[in-house]
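One-letter residues, chain by chain:
Protein chains: 2
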Amino acid sequence: MGPAAGDGDRGPGAAAEHKVNLSARQPFVESVRTCLAETFFPDDPFRGLGSRPPAARAWGALKYFVPALEWAPRYTAGKFKYDLLAGVTIASLAIPQGISYAKLANLPPIIGLYSSFVPPLLYAVFGSSNNLAVGTVAAASLLLASIIETEVPPEENPQLYLQLFYTAAFFTGVFQTALGVFRLGLIVDFLSRSTITGFMGGTATIIILQQLKGMLGMKHFTPKTDLVSVMRSIFYYRHEWRWQSLVLGICFLLLLLLSKHLRKKKPNLFWVSAIAPFLIVVIGGVFAFLVKGDEHGIPIVGDLKKGINPLSISQLTFTDKHVNTAMKAGFLSGILALAEGIAVGRSLALVKNEQIDGNKEMIAFGIMNIAGSFTSCYLTTGPFSKSAVNFHAGCRTPMSNVVMSVCILLVLLFLAPLFKYTPLVALSSIIVVAMIGLIKVREFCHLYRVDKFDFCICMVAFIGVVFFTMVIGLSASVGLSVVRALLHVARPSTCKLGSVAGGDIFRDVRHYPHARSVPNVLVLQLGSPIYFVNAGYLRERILRWAEEEENGSKIDGQDLQYVVLDLAGVTSIDNTGIGMLVEVHKSLDRKGIRIALTNPRLEVTEKLVLSGYIKDIIGEEWVFLTVKDAITACRYALQRSRSKDDGEV
Amino acid sequence: MGPAAGDGDRGPGAAAEHKVNLSARQPFVESVRTCLAETFFPDDPFRGLGSRPPAARAWGALKYFVPALEWAPRYTAGKFKYDLLAGVTIASLAIPQGISYAKLANLPPIIGLYSSFVPPLLYAVFGSSNNLAVGTVAAASLLLASIIETEVPPEENPQLYLQLFYTAAFFTGVFQTALGVFRLGLIVDFLSRSTITGFMGGTATIIILQQLKGMLGMKHFTPKTDLVSVMRSIFYYRHEWRWQSLVLGICFLLLLLLSKHLRKKKPNLFWVSAIAPFLIVVIGGVFAFLVKGDEHGIPIVGDLKKGINPLSISQLTFTDKHVNTAMKAGFLSGILALAEGIAVGRSLALVKNEQIDGNKEMIAFGIMNIAGSFTSCYLTTGPFSKSAVNFHAGCRTPMSNVVMSVCILLVLLFLAPLFKYTPLVALSSIIVVAMIGLIKVREFCHLYRVDKFDFCICMVAFIGVVFFTMVIGLSASVGLSVVRALLHVARPSTCKLGSVAGGDIFRDVRHYPHARSVPNVLVLQLGSPIYFVNAGYLRERILRWAEEEENGSKIDGQDLQYVVLDLAGVTSIDNTGIGMLVEVHKSLDRKGIRIALTNPRLEVTEKLVLSGYIKDIIGEEWVFLTVKDAITACRYALQRSRSKDDGEV
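Respectively, the protein sequence lines represent chains A and B.
If you're matching positions, the first sequence starts at 1 in UniProt numbering and goes up one per residue.
If you're matching positions, the second sequence starts at 1 in UniProt numbering and goes up one per residue.
Any given hint might turn out to be false.
Just so you know, same-sequence chains aren't split out, so a pair can sit in one copy or run between any two.
Within a straight-line C-alpha distance of at most 27 Å, the following computed DSSO-like cross-link-like pairs (lysine-lysine) qualify [as the list claims (entries may be wrong)]:
| hint | residue 1 | residue 2 |
| --- | --- | --- |
| 1 | Lys264 | Lys586 |
| 2 | Lys452 | Lys496 |
| 3 | Lys591 | Lys63 |
| 4 | Lys63 | Lys615 |
| 5 | Lys81 | Lys306 |
| 6 | Lys615 | Lys305 |
| 7 | Lys260 | Lys591 |
| 8 | Lys440 | Lys452 |
| 9 | Lys615 | Lys352 |
| 10 | Lys352 | Lys591 |
| 11 | Lys81 | Lys586 |
| 12 | Lys19 | Lys628 |
| 13 | Lys265 | Lys224 |
| 14 | Lys496 | Lys19 |
No lab work stands behind these hints, which were simulated from the structure alone.
Please construct the entire structure, taking both the sequences and the accompanying hints into account.
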């Protein structure tokens with residue numbers, strides 16, 4: 001007979017060497033403060049400020065919000081040398097990329113240049129990354145276009161189309177600032193690396209396909225982005241194909257690929273590949289001007305107006321009819337831009353061992369997008385290609401963005417009309433080469449090898465983008481990621497422990513096949529928080545473990561008499577979870593099986609004590625610090641009850 | 001100087017007594033199978049079938065889907081005695097409750113009787129609980145009414161209003177069956193106990209308030225359910241108050257409360273409180289007939305048609321205009337009905353030590369609701385009050401539902417017209433007394449004491465229902481619960497471990513204030529899965545722990561040289577999570593700090609090995625089975641490097 005429940009047997013507890021500290025409490029206010037701080041201030045930005053005098057504290061806080069105050073006073077001519085070089089280099093990249101991505105979004109090319117002028121200035125003041133170079137990005141440009149085009153076709157109403165881009169940029173800015181201010185950076189955390197890999201790969205694929213329009217010198221094209229529509233469109237308008245464009249395009253492509261190859265072979269020559277796009281634009285422009293390309297099958301960019309950004313604040317459109325589209329476009333592209341910008345900033349900072357504050361970055365991105373929407377810019381962020389060039393060119397501070405901005409200013413004031421002759425095919429080949437690097441086949445293989453589910457998430461994004469729309473690909477992949485996260489929560493893993501290393505250490509029997517189980521005792525390890533989502537599952541699962549163990553041990557002629565629950569991995573428990581433990585206790589108790597707990601964490605101990613579970617239901621003497629103590633106690637109690645039985649016989 | 005990274009030092013690994021099993025693998029197919037089985041078949045319904053011959057297996061599977069085949073062949077006259085008694089008792093409760101709840105939903109009272117005839121028969125065949133008594137429930141009735149009333153006011157178009165109830169029941173049935181068939185019972189898991197407690201309490205409160213209409217004998221009333229509207233409506237129509245109704249109502253209330261009190265004092269007399277509502281209906285009816293109540297301020301139910309349920313299949317409305325309302329009503333009330341029915345079934349089964357299969361119950365509920373919608377019934381489930389009476393009356397099998405059904409059949413065929421004289425005030429007092437028990441003040445206090453956040457979730461549901469609408473209360477509370485679940489995932493707890501009990505055991509220093517930290521070593525315990533949602537947070541947190549420790553140890557004059565990550569609580573890791581560990585390694589490595597891992601679980605070990613993290617980045621010799629081994633190895637390596645330093649000096 002097993003020991004009867006609630007027989008007041010205080011033996012086992014006494015046998016244990018060390019006890020669980022049942023009286024530890026976190027004061028309520030303190031625990032709420034900690035919880036809020038961990039949730040919203042995981043980086044604890046103001047640490048170390050508390051001890052300083054008020055003026056220093058205010059200055060510290062101001063420096064936190066305006067990082068330029070941190071680096072500007074210590075800025076030296078020595079640093080400027082590096083920043084000047086880096087700034088000029090990225091400016092040479094910003095011109096072709098700005099024009100290209102604006103064309104990709106069906107916007108007037110000049111908007112791309114405008115967008116490389118104002119936002120970098122603001123980022124230099126508010127941004128916290130020393131490596132990020134600000135500009136427009138391909139994926140977000142295409143995403144914005146694909147959403148806004150369904151509402152307002154750019155051919156029918158180019159003015160309204162442009163206005164909606166400004167409005168979307170405004171909403172993006174407001175949204176990003178709000179995320180930063182309310183410390184909600186964790187929303188970006190829901191875009192997993194797998195999602196971004198797949199989404200970027202898919203986007204790069206469809207962008208490359210779309211460049212067939214430019215490469216073939218076509219005039220008509222589908223506004224849709226999916227593979228099938230694009231290919232159909234290309235062959236439908238095959239009478240528009242121009243061999244002149246194609247030949248020129250292939251030459252440009254080869255030049256660009258060569259420069260890229262050069263960088264791989266000789267990293268010191270990175271600047272060749274950095275200015276190659278600019279060279280292509282110049283060479284292409286001169287060539288098109290000389291041969292009168294536009295009359296001979298080589299379409300050119302067309303007129304670019306001289307002068308700096310006009311104000312666009314009066315063009316923001318908040319009418320009922322279009323505001324939803326603008327908000328949707330702003331929200332989605334904003335999330336995407338944040339994810340890219342923050343990831344780029346973080347990975348570059350890591351190399352230099354600097355710190356990036358995600359929430360501060362959001363505020364900086366938000367401010368530059370709001371200001372951008374007032375000054376004829378569309379969405380900007382920190383694109384990977386430009387930032388990497390900035391980094392390799394040896395930038396020291398955000399001053400390189402200022403230099404780039406000044407270069408663009410000069411272009412806008414004096415040189416813009418010269419870019420009129422840039423052949424579209426040059427832009428297309430620049431985009432194609434920029435995009436090729438984003439299809440990371442090696443990363444796909446790595447994912448497949450390491451984690452099949454991550455691979456699925458990645459492929460859903462890729463296939464969704466390539467065959468459906470960008471929004472579908474992105475949301476299906478994020479949805480799948482969130483379902484997976486919730487499944488982790490709803491179906492936490494449990495495992496049976498056996499003793500390894502002579503009985504002192506208890507480990508998963510699946511992991512350590514030589515682990516031996518303890519007679520009459522089932523040791524279960526529970527992981528993850530126990531709460532309402534998984535309480536029902538855990539109850540069934542624990543009872544099933546017990547049932548399986550009973551069936552197994554009946555064959556061996558040994559009763560199951562104790563279930564030891566190892567709670568070390570249980571980080572928290574809620575009311576439903578405690579209710580579950582009570583029910584498990586009742587069910588097992590009816591079969592004469594006792595529950596012992598080992599090593600509950602602070603938060604869990606506190607709640608189990610407060611709810612009376614430990615005192616009234618299982619008894620304080622059945623809570624142990626280690627599994628070993630619990631097993632010792634179980635053996636001791638078993639022996640006592642057996643010798644009692646023998647005595648009675 | 002700390003040991004240089006990657007110095008190929010194989011010492012520490014050799015010092016450890018036991019090793020982590022790095023070669024354990026789960027075959028992919030096997031792990032997918034296990035994962036799917038745990039997700040959708042946590043109760044493993046067909047266990048034990050595999051080994052039997054095909055015919056027995058088919059019979060076993062059929063018995064699984066039709067539990068009646070399990071108990072019917074072994075049914076005896078002895079059991080029937082008990083079921084007959086229980087069935088008659090619950091029939092006596094079903095009549096007044098059926099009429100009352102139909103009135104609560106503004107439906108013709110006879111619908112309530114219809115709904116107690118067909119569904120119980122079906123449940124007896126497909127249901128797996130021996131204790132559940134099927135019938136309509138107050139909360140879901142009011143919820144349905146509150147949703148459908150906003151679309152079709154019952155006064156304006158009673159026929160369409162009724163049709164939408166049938167249609168909603170149909171959708172409820174389809175939805176419940178689908179959940180059961182696709183094993184999606186876990187959706188119900190997202191309704192936490194706290195949500196249900198608050199929601200039920202709030203619903204009971206507004207239902208009691210609504211009964212003031214019946215108690216005061218009023219004719220006009222607001223269709224809204226919130227406290228403010230109800231109270232305003234009561235005083236607005238105060239000229240309709242009838243003292244006769246009120247006096248009669250108070251008498252009935254006292255009688256019912258007395259019978260309830262009696263049950264508490266003498267549990268054997270439970271049947272008194274069980275048939276009390278029926279007695280009230282009979283006494284009230286006779287009284288109203290004798291004094292011609294309807295002419296003297298005591299409104300009565302009115303005509304009830306003799307005869308069994310007419311077919312309603314042709315009345316289901318799937319027109320574009322109303323189908324959304326019906327679907328919404330069906331979905332929400334279906335979830336609610338499932339949550340109540342399954343919770344009731346489970347808690348009663350627990351007392352008798354029986355098992356309830358949630359997914360099977362869903363299919364049974366679904367079938368009975370679909371069939372119900374074809375035969376003039378509205379939503380039914382297993383209400384708590386009726387099931388508890390069934391249980392106390394000693395039911396043995398679902399046969400008691402058949403007995404109840406036959407009783408209701410007899411009433412429908414012969415006695416229905418007699419209930420015409422039932423005073424509405426009698427129904428109101430029955431509802432009030434049934435609802436009082438659902439406001440669980442003691443549970444609220446318990447929640448407040450044990451878990452403040454659970455208390456908030458509960459109060460949001462309560463206040464939402466009482467002051468706004470039932471849908472708002474329910475969804476706000478569920479939303480808050482889900483946010484909390486996601487926060488658990490996004491912000492997992494980490495803690496610093498110190499040695500207790502003489503150095504062999506390592507525990508949270510906040511929990512065990514006497515735990516001593518190890519010089520030069522920081523031991524961190526990570527909990528919960530590491531993946532994309534929390535990877536960013538964990539990186540920041542681990543680095544911040546290290547930074548704090550460095551600052552702390554500088555004061556003591558001791559460098560931080562090792563960070564030991566205890567992964568015992570990490571149940572899984574994804575690709576982003578591994579990337580995070582790589583970044584943490586890089587950041588720490590740059591400061592000359594080494595990472596050691598202890599006790600990774602099977603799933604985690606597998607992925608860390610496959611991704612090359614263990615071999616290429618931290619080195620196999622820095623993975624240990626226990627924290628103690630890791631500390632020993634760190635000390636050993638430290639001593640070696642110190643004696644080397646000394647030697648060099």
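- [ ] Tell me, in ascending order, the numbers of any earlier hints that this structure violates.
- [x] Hints 4, 5, 6, 7, 11, 13 contradicted; others consistent.
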